[in-house]
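Read in order, the letters of the sequence shown correspond to residues 795 to 1020 in the numbering used here.
Since the hints were made in silico from the structure, they are not lab data.
Any given hint could turn out to be false.
What follows is a list of derived Cβ distance ranges for each label pair [said to hold, decoys possible]:
| hint | residue 1 | residue 2 | range |
| --- | --- | --- | --- |
| 1 | Thr1012 | Ala920 | 13 to 21 Å |
| 2 | Leu867 | Leu822 | 29 to 37 Å |
| 3 | Val998 | Gly811 | 17 to 25 Å |
Calculated cross-link-like contacts (lysine to aspartate or glutamate; reagent style EDC-like; alpha-carbon spacing at most 20 Å) [stated by the list, open to error]:
| hint | residue 1 | residue 2 |
| --- | --- | --- |
| 4 | Lys983 | Asp801 |
| 5 | Lys983 | Glu807 |
| 6 | Lys983 | Glu812 |
Even glycine gets a Cβ: it sits at the ideal position worked out from N, Cα and C.
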Amino acid sequence: MTAPPDDCLARNEWICGEYLSTRRQILLDAVVQHLQLTAVSVLVGLVIAVPLAVLARRWGWAAGPVLAVTTILYTIPSLAMFSLLLPVYGLSATLVVSGLVLYSLTLLVRNILAGLRAVPEETRQAARGMGYGPIRLLLTVELPLAVPASMAGLRIATVSAVSLVTVGAIVGFGGLGNLIYAGMNTYFKAQVLAASVLCVVIAVAADLLLLAVQRLLTPWARAARG
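Please put together the full structure from these sequences, using the hints given.
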C-alpha cells in the first residue's frame, strides 16, 4: 500500500497550518485588498446617503422616491449588478466599489432618515429659539441625535459589504474572495476555509469597532443605561 503524504497540504486537509505559514503574504495581500474595497465602498456610500436622507427629511415628498430607488437597487442580484456596471467601469476595482456603494445606500439612507425623523420636534424648536439656523441645527442637533439609528445602518452595511466584496472575484478584485474562488475551482480545502474564516473575522471585527465608535459618539446613551 502507498503511504499517505506526510504533510497536510499534500493530503489537502481543511485545517492546515502549513498553508498559513507558506501562504502568509498571499493571505495578507488579500486581506488588505478586502479591507480597502470594503472601507472605500462604505465611506462613499455614507457620503452619498447622508445628503439623500437629509433631503428626504426636509422635503417629505422626496422620501418615497429615494427609498423606492435604493430598495430596487438592493434587490438586483450582485452578478447582474456587476454586469450592468461592466460597460462603464470595465474590469476594475472601481466596478466592485460602485456596486457595493449602490447596495449600501438602502441600508444607510433608511437608517439615517429614521434617526433624523426620531429627533423630537420640541428639540428642534428649542434650537431654533436659541438662534440656530438650518445648517447649524442639522450639524449640531439633528445628526448627533440620529447617530444611534445611523450607526445601526452603518454596521449592517459594513458587514454586508465585507460579504459582498467576495463576489468581486469574478472580475479579479474580490480580496479574500479571489482565494475562495480559486480554491473552489481547484478544490483546495485549506485555502477555501482560511479565506472564509478571515472574512468572518473581518466582519465581526468591523462590527465591534463600529459599536465602540457608536458608544464614544453617544455618551448620553451610556449615562441613560447607567
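Quick rundown of the hints versus the structure:
1. Distance hint check for Thr1012 and Ala920: the Cβ-Cβ separation is about 20 Å, which falls inside the suggested range of 13 to 21 Å.
2. Between Leu867 and Leu822 the C-beta distance comes to about 33 Å, which sits within the given range of 29 to 37 Å.
3. At roughly 22 Å, the beta carbons of Val998 and Gly811 sit within the given window of 17 to 25 Å.
4. Distance restraint check for Lys983 and Asp801: the Cα-Cα separation of roughly 14 Å lies within the 20 Å cut-off, and the hinted pair is therefore satisfied.
5. Between Lys983 and Glu807, the direct Cα distance comes to roughly 6 Å. Compliance with the 20 Å bound is thereby established for this hinted pair.
6. The straight-line distance between the Cα atoms of Lys983 and Glu812 is roughly 13 Å, inside the 20 Å bound, and the hint therefore holds.
The structure meets every hint from the earlier list without exception.
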